[in-house]
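J.: Put together the whole structure using the sequences plus the hints.
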Amino acid sequence: MPPDLPPPGPDALITPDLLLLVDAIARHGSFAKAAREMGRVPSAVTYAIRGLEDRLDVLLFDRSGHRAVLTPAGQALLDDGRLLLKSLEDLTRRVRRIATGWEPELRIAVNGVLPWPPIYDLIEEFQALGSATKLRFTSEVLGGTWDALTGGRADLLIGGDAALAPPGRFATQPLGELHLLFCVAPHHPLAQAEQPLTPEDIGAHCAVVVADTSRALPPLTRGLLDTQQRVVMPTMQAKIHAQIRGVGCGYLPHLLAAPYLDQGLLVEKPTRDGGMLERLSCAWRAPARGEALKWWLKKLESPRLRGSLVDVPAA
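The opening residue of the sequence shown carries number 1 in the UniProt record's numbering; numbering runs sequentially from there.
It is worth saying that the hints were derived from the structure and are not from the lab. Errors might be hidden in some of the hints.
[Said to hold, decoys possible] Keeping only pairs whose Cα atoms sit at most 20 Å apart, straight-line, the calculated SDA-like set for lysine to any residue is: (1) Lys299 / Ile119; (2) Lys299 / Arg107; (3) Lys134 / Leu70; (4) Lys299 / Leu135; (5) Lys33 / Arg63; (6) Lys298 / Ala288; (7) Lys134 / Arg285; (8) Lys134 / Arg289; (9) Lys298 / Pro287; (10) Lys134 / Glu124; (11) Lys294 / Ala128; (12) Lys299 / Pro174; (13) Lys294 / Arg153; (14) Lys298 / Gly176; (15) Lys86 / Ala76; (16) Lys294 / Arg107; (17) Lys298 / Glu89; (18) Lys299 / Ser131; (19) Lys294 / Pro174; (20) Lys294 / Lys33; (21) Lys33 / Leu70; (22) Lys299 / Ala314; (23) Lys86 / Leu13; (24) Lys294 / Val95; (25) Lys134 / Leu88; (26) Lys294 / Ala171; (27) Lys299 / Ala128; (28) Lys134 / Leu91; (29) Lys299 / Ala171.
T.: As structure tokens, then:
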């Protein structure tokens with residue numbers, strides 16, 4: 001038996017080395033050329049493939065011609081084997097990344113009032129690092145933002161209402177101020193009402209709201225009168241579309257409403273209380289240990305990025 005290619009153990013019918021041999025033979029159409037590529041003697045390669053065929057009880061290569069040609073069974077082994085080898089390479093890189101401080105997964109909760117395009121830009125930039133850290137995003141509303149962090153569903157919160165921050169448990173950095181405008185469709189009855197709108201004016205019409213996504217903390221409402229009829233939507237974008245249809249009225253983030261206001265699909269209506277303002281923060285468990293989390297926190301320090309997410313970025 002050739003000494004440079006020891007047989008696999010009794011439970012190892014297929015090993016990465018054997019898959020690499022099958023791949024090399026298939027590419028070259030020759031056992032001898034595959035042996036040279038792999039740095040082995042031809043007899044060792046022939047012995048290894050015959051042993052594999054015997055254990056699997058299939059013929060992997062048709063050796064009747066001048067070239068070694070894969071049989072259908074051999075082609076199936078090669079196709080799946082290449083996927084397996086790729087997975088092993090990915091696993092190796094992932095383990096090495098983790099050993100150097102990169103998290104297997106980073107969970108990021110994003111306030112539903114924020115625009116997503118700047119987040120998409122960051123995702124693409126992060127992917128270019130090749131870190132192998134998986135990003136998992138959730139969109140949270142009202143109390144759900146801090147609930148995601150306190151409940152362990154998120155490692156990083158982008159856009160939590162600073163006024164609702166739990167004391168002393170998390171590190172925070174200011175993101176900026178977000179203006180919310182009271183908006184209705186042009187054909188909504190309030191579009192023709194005298195300005196500014198009073199609570200009585202607003203309370204006479206159905207409100208469109210997004211459900212609080214909190215699981216443990218008490219659910220919250222904002223800009224909603226106790227006696228007001230309401231329609232609860234699953235996302236902020238669904239709320240915007242409902243208000244464009246005239247289903248109801250409500251407050252919308254300025255940056256999200258602006259395109260529809262410019263197109264005349266929505267109308268901003270001043271209110272007696274002067275509108276709403278939220279001061280938003282980013283938050284995480286201190287200290288920030290993982291390299292992926294540190295990368296995102298560094299990016300979120302950028303005034304330009306903050307300016308793309310809120311109306312008035314933090315100084």
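J.: None of the hints should be skipped; say for each whether it holds.
T.: These are the hints, each one checked on the structure:
1. Lys299 / Ile119: holds (11 Å)
2. Lys299 / Arg107: holds (16 Å)
3. Lys134 / Leu70: violated (37 Å)
4. Lys299 / Leu135: The given pair, whose Cα atoms are some 15 Å apart, holds under the 20 Å limit.
5. Lys33 / Arg63: holds (14 Å)
6. Lys298 / Ala288: Distance of about 11 Å is within 20 Å: holds.
7. Lys134 / Arg285: holds (19 Å)
8. Lys134 / Arg289: holds (16 Å)
9. Lys298 / Pro287: This hinted pair holds, its Cα atoms lying about 14 Å apart.
10. Lys134 / Glu124: holds (13 Å)
11. Lys294 / Ala128: holds (16 Å)
12. Lys299 / Pro174: Holds, at roughly 13 Å.
13. Lys294 / Arg153: Holds, at about 18 Å.
14. Lys298 / Gly176: Status holds; Cα separation ~16 Å.
15. Lys86 / Ala76: holds (16 Å)
16. Lys294 / Arg107: It holds: about 13 Å lies between the C-alpha atoms, which stays within 20 Å.
17. Lys298 / Glu89: violated (30 Å)
18. Lys299 / Ser131: holds (16 Å)
19. Lys294 / Pro174: holds (16 Å)
20. Lys294 / Lys33: With Cα atoms ~48 Å apart, Lys294 and Lys33 exceed 20 Å; violated.
21. Lys33 / Leu70: holds (16 Å)
22. Lys299 / Ala314: Given that 20 Å is the threshold and the Cα spacing comes to 14 Å, the pair holds.
23. Lys86 / Leu13: Distance ~19 Å between Lys86 and Leu13 Cα, so the pair holds.
24. Lys294 / Val95: Measuring from Cα to Cα gives roughly 19 Å; hence the hint holds.
25. Lys134 / Leu88: holds (17 Å)
26. Lys294 / Ala171: Roughly 13 Å separates the two Cα atoms, so the pair holds.
27. Lys299 / Ala128: This hinted pair holds, its Cα atoms lying about 14 Å apart.
28. Lys134 / Leu91: Holds, at about 13 Å.
29. Lys299 / Ala171: This hinted pair holds, its Cα atoms lying about 16 Å apart.
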